[in-house]
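Undergrad: These protein sequence lines are chains E and A, in that order.
Residue numbers 1 to 274, in the working numbering, belong to the letters of the first sequence in order.
Residue numbers 1 to 225, in the working numbering, belong to the letters of the second sequence in order.
Hints listed in this document are in silico derivations from the structure and should not be mistaken for laboratory results.
Since the model is a prediction, treat every value here as computed from it, not as a measurement.
Any given hint might turn out to be false.
Straight-line C-alpha distance at most 30 Å; calculated DSSO-like pairs for lysine-lysine [to be verified]:
1) A:K42 to A:K89
2) A:K3 to A:K89
3) E:K242 to A:K3
4) A:K42 to A:K3
5) A:K195 to A:K166
6) E:K242 to A:K166
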Amino acid sequence: MSHHDLEVASRTDTGKVRPYNEDSVAVDAAGGVAVLADGMAVRRGADVAARIATQQLLETLRTQNGTAADRVVRDAFAAVNDAIVREAQTNTALQGMATTVVAAWFRGDRVFIAHVGDSRLYRFRAGQLERMTIDHSFVQEQLNVGTMTSSEARDSQSRHLITRALGTDEAVGPDLSEHEIRPGDVYLLCSDGLHDLVDDADIALALESLQPNLDLAATTLVHMANDRGGLDNISVALVRIKARKSSAKPAAREANANASAPAGLFGRLRKLFG
Amino acid sequence: MAKLVISRNDTLLGSRFIEDTRLTIGRASGNVIQLDDPAVSKLHAQVEVVGNDHILLDLGSSNGTFVNGERISRHLLRHGDVVEVSEFKIRYVDHRTVVSGDGDRTMVIDRPVAAPQSPPGLVTSAPIPAARTSRVNYAQGMLRVIQGGTIGSEVALTRPLHALGKDDNRAAILRRLDGFYVARVEGLPPKVNGKQIADGWQPLHNRDFIEVGGEAVQIWIDKTS
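Construct all of the structure, not just a fragment, from the sequences and the given hints.
TA: Right, dumping it as structure tokens:
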């Protein structure tokens, strides 16, 4: 059902400071899904929360056909939230565990992007790197209302305070957006262990010079973050849209394009805290 | 907990924890930190609390507010900063940095956190925050072109990656802390000193010759970096 072939690569690394890796990544090229989560906990279970999120979202989304996509994604996120809350109720040592999530779901000519927290998705298209998600973070809120400048945000002590995470509440939902995909696009999902340390220009440079070799690009992004201190766990998932298969018949392609949800269904990157 | 340690001419005058959402500094008696000196304005400067951060603002003082020798109007305080108001030196000590060093742990907060009103003159749109500033001592080196370009020309390796080759045969050089590496990106593997390399990043040594896609370069690595 997917008209575009995808190529994927992913890496997750403990970094150079933390004792454990509490990130989780799951990718499935054939299923058209990439999911990345950055777990956190009051005591224990950060890794548990992250793994529940990536595994459950991958399993759910890979088998769905992309109709009523916004409902499917919202339900899937709600189910993950429930699963984390339930797990913490049955095992009290895990109470207070939560996770960020960013997911990219490729169906037909479109990608559905959903996220909670400060894990991000970037799109690299025609040499330009564009951030597709707006962090649910204290610093982002300060930027939105103007109480902090972007240079202050960069060095803020509050950099790691996030305002939304799965597992914290009975009703936590993702921000959703839907976009057309093009052959040659590269999508990067990453945890803050990357974007906190490696600036956009260097991320773009890595994707520009290495994208024919996604595995090498993924490894290199992790190296770059480690060379800048590796202060946190570092995770990346890369998805490249390969050229359309020549076997796809124009008529069939058009029919499916019409069947998929119209653009702007989710609204593009709404202002979060207006 | 962060505090301000006030001294004058190397004499310690006192210290004050930053507890409220706003701490004022000036000559007038209502200030939290009162500095009795004619060169200090009545309302000279203030520290605002934004989440876990402390932002120092000059309140249009006559003689200015300086941080680490530079005149500021607005400044995010970092541990060890020295604020100068007239002859007074106010050192910013951030115990969270000193004691826990745990500023890199991700946490969820329950909003709202103390957020003062938007000060005038700040951009209200939300630019993408750049990655954190960090000083990194990368290896230093340059390439000398042997073939496939201006022969003999030199290219400083000032960015993390440098692309080599063309068309279907491409490689890249990666700059890291401990030196430089080369890897095949696509097509035939590059040759280092005449030998094809294995996949993945392979370490380079000073004066190695690298050939890929009709290009040949020699790397010069500065060991003194």
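Undergrad: Taking the earlier hints as the rules, which of them does this structure contradict?
TA: 3
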